[in-house]
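Please model the entire structure based on the sequences and the hints provided.
Line by line, the protein sequences are chains A and B.
With my numbering applied, the first sequence has no gaps in its numbers, which climb one by one up to 140 at the end.
With my numbering applied, the second sequence has no gaps in its numbers, which climb one by one up to 1504 at the end.
These are computed hints drawn from the structure, not numbers from a lab.
Positions of the beta carbon are idealized from the N, C-alpha and C atoms, including for glycine.
Keep in mind that a hint or two might mislead.
Unchecked claim - To give an idea of the interface, some chain B residues facing chain A are shown, with a C-beta separation under 10 Å as derived from the structure:
| id | residue |
| --- | --- |
| 1 | I1288 |
| 2 | A1303 |
| 3 | A1466 |
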Amino acid sequence: MVGPVPPDPDWPRAHTSVEASDLAGRRILIVEDEFFLALYLEDALRAAGCAIVGPFGNLPSATRAARSEPFDFAILDINLNGDAVYPLVDELLARRIPLVFLTGYGRSALPQEYRTIPRLSKPCDPVLLIQEVRRALRPK
Amino acid sequence: MSSVTALADVLASKSSALADVLASKASAPTAGWQHESSTALIDALPAAIYTTDASGRITYYNQAAAELWGRRPELGTAEWCGSWKLYRPDGTPLPHDQCPMALALKQRRPIRGVEAIAERPDGTRVPFIPYPTPLFDSSGALTGAVNMLVDISARKQSEAALDREMQRRRQGDQARQHLAAIIESSDDAIVSKDLDGVIVSWNPGAERLFGYSADEIIGKSITVLIPPDHLDEEPEILRRIRRGERIEHYETVRRRKNGRLIDISLTVSPVRDDEGRIVGASKIARDITERKLAESRRDLLVAELSHRVKNTLATVISISHQSFARAPSLEDARRSFEGRIRALAQTHSRLAEAKWSGVDLESMLRDEFAPYAGDDSSNVQLSGPAVTLNPRSAVVLGMAVHELATNAAKYGALSVRSGRVGVDWDVNASEEDRTLTMRWTESGGPPVTPPVRSGFGRLLLERALAADLDGKVQMVFAESGLRCTISFPLHDDGATVRAAELTG
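This is how it looks when you write it as structure tokens:
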């Protein structure tokens, strides 16, 4: 197996105003059915010090992992090779686990009940992604 | 006419006396007072009456006859009839010696039931019915004839008027029948209702569109067709109709008998009675479900296209990141990155050509080998059955083949003239799945040593194929040349088909 890309000191931390260390060790579930997109997220999150759960490319494996592995935050693609991610979203909302959608679909294409969930548009800026994770995990 | 006939018969039955009177008046003016008063009586009658002798010469006519003829023929000279010209009812000329009076004299019998037309010298024509009756003396010898001409102009005029009226009605009926036929055969639902919204008429188009038969819905309120959340539309429609307004191409939703909602376009016009009062409305409803469906399909496709473009751009960014993070030099990274994006674009072109249905494996391989194949293409051997890759497989396998081919061109079999690359594949069909197994075999190239660093190509082959295609990849860095076996299940790509469910 190929290991992760060694953290690039200039990326993406160089673009964030706050030290990324506050995210160190936070576990992030990645559900994304396209390898290269998932890889990019992994690299960005690892560079910010996060640990990755996944990535998972289909709903059954993502759901199994979500039920068995601990994690603090979820980044979810909506269309998983034709399956909608919403059943998993419902579980995470019930468990009060913060999440963000990462999708190429516009907000209006989402069912009404999921439109208030934070959404990042593909292709996403890693800076915005890290900001979103930090905002969600900030102690209230 | 029976009274006229009776009069003519009376005249005929009194014929002897009358004829005597008239004949004597005409031939020998020795009339007594009785005669005088009889002549005055006949002169005063509004019916045209004249007499002839046995040879048809006119011996007497009254004032009404002179008026009907428009002339005063000479007594004892004019024959058969005092009219200037005669015509048959069909307009053809009727010679005087063939007129009903001539026939009565020649055939010695009364002529009844015929019509003729007299033309006056001024050109006006008078249709009339003659009642010519031959007269006989006590010994039975023909003495002459009496004729009464009944002017039927007024009757003819009213008949003509009646004919015209009938014609008009027939045309009206015909027009109504045409309209009824159009309404009957229209694909559109055509319905009329009164000002309370009660359905008055219902065509077969309405039956087809809404599912109710005319029998079950006429007399019911139009609101049975309106879904609860659109009920407020009807009072507004009726208000506008009462004001005499027409509502055109109003797009709304109605409910069929079976409960299914349908998209329709409505045109509603006021219906007026003979006095111009608005008494109801006619509505034409057109089913626009198909059009609405096409519109939503188009919206879905646009959303899907936008989604794919964004995904592709995200992939490009990720490939860029990986290319530049892993390459030994910036120049090397740039070249690799551009090649990868070109390979991606090529797969997209192939997919677009096939309207995203899939890509043929062999043509995809040929595309990738095009820059490296020798003049006779003998350095590349492809063999296997026809296989169509779904869009997702095509994109990922296309990138993998690109990495293998560029690697072969840089370090492997395609870097020397003597080198060969063989690609063969087959499909194993089991109960649940069809699995494609593709074997890549290099030979004749420089000796191979396993790479020390894991580059983009291995990342793609070892992880992307597993992650995205549920594939298995085996790489053997044999000294004689790289051998790589890739296998993955060939699914139908459900992504596009099921995208509809995502967005509801």
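For which of the previously enumerated hints does the structure constitute a violation, in increasing order of number? 1
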